[in-house]
Each structure stands twice: as C-alpha cells, then as structure tokens.
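Undergrad: On the provided structure of chain A, position chain B as indicated by the hints.
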Amino acid sequence: DAKTTQPPSMDCAEGRAANLPCNHSTISGNEYVYWYRQIHSQGPQYIIHGLKNNETNEMASLIITEDRKSSTLILPHATLRDTAVYYCIVRPQTGANNLFFGTGTRLTVIP
Amino acid sequence: DAGITQSPRHKVTETGTPVTLRCHQTENHRYMYWYRQDPGHGLRLIHYSYGVKDTDKGEVSDGYSVSRSKTEDFLLTLESATSSQTSVYFCAISETGVGANVLTFGAGSRLTVL
Numbered sequence: 096d097a098k099t100t101q102p103p104s105m106d107c108a109e110g111r112a113a114n115l116p117c118n119h120s121t122i123s124g125n126e127y128v129y130w131y132r133q134i135h136s137q138g139p140q141y142i143i144h145g146l147k148n149n150e151t152n153e154m155a156s157l158i159i160t161e162d163r164k165s166s167t168l169i170l171p172h173a174t175l176r177d178t179a180v181y182y183c184i185v186r187p188q189t190g191a192n193n194l195f196f197g198t199g200t201r202l203t204v205i206p
Numbered sequence: 173d174a175g176i177t178q179s180p181r182h183k184v185t186e187t188g189t190p191v192t193l194r195c196h197q198t199e200n201h202r203y204m205y206w207y208r209q210d211p212g213h214g215l216r217l218i219h220y221s222y223g224v225k226d227t228d229k230g231e232v233s234d235g236y237s238v239s240r241s242k243t244e245d246f247l248l249t250l251e252s253a254t255s256s257q258t259s260v261y262f263c264a265i266s267e268t269g270v271g272a273n274v275l276t277f278g279a280g281s282r283l284t285v286l
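Chains A and B, in that order, are what the protein sequence lines are.
Heads up: the first sequence runs through residues 96 to 206, numbered per the numbering used here.
Heads up: the second sequence runs through residues 173 to 286, numbered per the numbering used here.
In isolation and in its complexed conformation, chain B is listed as follows:
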C-alpha cells in the first residue's frame, strides 16, 4: 500500500529464535499499530504507538515487544518465537487517535514458526 511498507513480507523461522518485523511509513502519521490475523479470530491488536517512544499494549501483547525511535518506523519483536505466533502480521497507520480515525494498512508479513 502506498505510504506504508512492511518487511519482511515472508519469514520462516524456528522456535526460540528472535524475530523483528519492520513497518515503515512515509505519511508522517502519528499513530502506528501492529495487528495479527489468524483464522477464526479476525484481526487482533498487539501493540500501538501514539508517538515516538510512546507505545501501549493491545489485546494480545504477551510475547511481543515494540519500539518506535522515529516517526516513520515501528518495530515488532518476538524475543523468542513460538509456534503459536505463526500468523499474518499487519501494520497500520492513522493521523489521529480521536474523532474519525481511519486506519491505512500495510500488505502484511506472513510469519511461520517451526
């Protein structure tokens, strides 16, 4: 999607290894989000950021950490990947967190943990 890039798009890793997914935006939006999508669960929020170095947990944050050292980048880290973290991960951005808050999503990162 224009203005938002996720990397890597596909990754296969082994249980216990660290994994970092990157979300990069060129829209200068204040808010950034990480979601995961699994069959039967829809999209669930992992963490979000409302500014540089300002982050908060979502509904499924256990086992994940995030960092945002500059406006354009939001990193999602799995310190020690588990098979239950096999999923498709979507990054999203929005200008604001109040009022009519429209999210723009990236193309997704498919992670497989063996």
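With the rest of the complex left out, here is chain A:
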C-alpha cells in the first residue's frame, strides 16, 4: 500500500477553514484517497474519499492534485468539535480489505 505523510499537528481558529495536507507521492492509479478522523476515546469516523476528482460532502471537501501525489482535506468552518486526529489513507480498489492507518494529524481548533 502507498504510504502517506501528514504533519503531526496543526491549529485552526474556530470558524476558520481548516486545511489538512497529505502527501502520497507513491500512489498508484487505482488507489483511492480516504480521510478518517478520531475524536478522543472514540472509534475512527469516515469523512470523505476520492479517486481523481475533487469531492465534497456535508462534512468536508477533498482536493486532490492533478498528479494525485498530494491532497488536502478542507473543513470549511471549523468548530471545537472538529478537534481530533485526522488520518489520510490510500488503498487500492481491489484486493486489500483493510486500511493502513498512520499516526495522522492532530488538529486543535482554538476558540
């Protein structure tokens, strides 16, 4: 599976957009980019995923560069409840039946 690189921690002011970067320079053409988050003491929660195109849902937007070597998760209006560890993961469309979680980015939303 392709490896991902994320900054260990980030801060964001409440109400501002949080932009979380992820580098996946060895990603293959058939691998999806997934984002999950884990709020303290809870199980991880799915946020969004994409293959080539940018994606948006009620939680966030995912921007994938044209060469697919990096992506950015955008939380448009961060709230205190968005404080969590955010995981960027890549995995192939077929074959592997699991997600390899790294150590993620700890996002702290500041009042």
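Interface residues of chain B toward chain A, partial, derived using beta-carbon atoms under 8 Å:
hint	residue
1	L215
2	V274
3	G280
Computed Cβ-Cβ distance ranges for the label pairs, DEER-style:
hint	chain 1	residue 1	chain 2	residue 2	range
4	B	S256	A	I158	34 to 44 Å
5	A	A112	B	R194	39 to 49 Å
6	B	N200	A	Q137	18 to 28 Å
7	B	K183	A	N148	39 to 49 Å
8	B	R282	A	I205	22 to 32 Å
9	A	T100	B	E267	25 to 35 Å
10	B	T192	A	N148	38 to 48 Å
11	B	E186	A	G110	41 to 51 Å
These are computed hints drawn from the structure, not numbers from a lab.
The beta-carbon is built from N, C-alpha and C at its ideal position, and this holds for glycine as well.
TA: Below, chain B without anything else, positioned relative to chain A:
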C-alpha cells in the same frame, strides 16, 4: 456507534488468562475487522472476515484468533493474554471489500492485562 456494538467496553485481566471480545453488527455487512490501537502506532489490523467462517490475518495477528459463526458476530480471542496485548481494540464493518470501501467503527474495547 449505530449498528455496531463492542463488548465488553472495559476489561482488566491477568497474564495467562483467556479473553474474548465480541463485535456485534445489525447492518448485515459482509466484512468485519479487528484493529488494535497503541500510542505511536496508530491503528493496526489484527484479523478480518469476509463472510461467515471466512477469516484472514492482518499485520499483527500473532497471539490472536477470531471466529465468525454468523454474519452479525465477530469474536476476537486472546488464548493466553500477555501484557503486550494491553490496548484499545476496535471493531469495524464494511459492506464490501472492493471499490470505495468505507469502514464504520465501533466505540472500542479497552483491555488491560496485568
């Protein structure tokens, strides 16, 4: 989390004793997974199941066994618990193992082995 329940949520046991953690789902999903989470390691896959009686190993399967006798239940057993198995264990489910495979996680089971 809705549709997926782990039990027990907390357990303290002694080295050498057997321990079984249960994951129960009401979503009728085909795939079920057991992960462990330790500081500095993120989540690591222990075992997963792709159907009743169909299971496979993950990256940290030594010392663990699993069973799935019906769709809704996936059991994780530590035959003889060791202190290195002190961890938080998460169960997850997914509808499919191919394509856009979204996992839904349970709330976790915290196990302490003394």
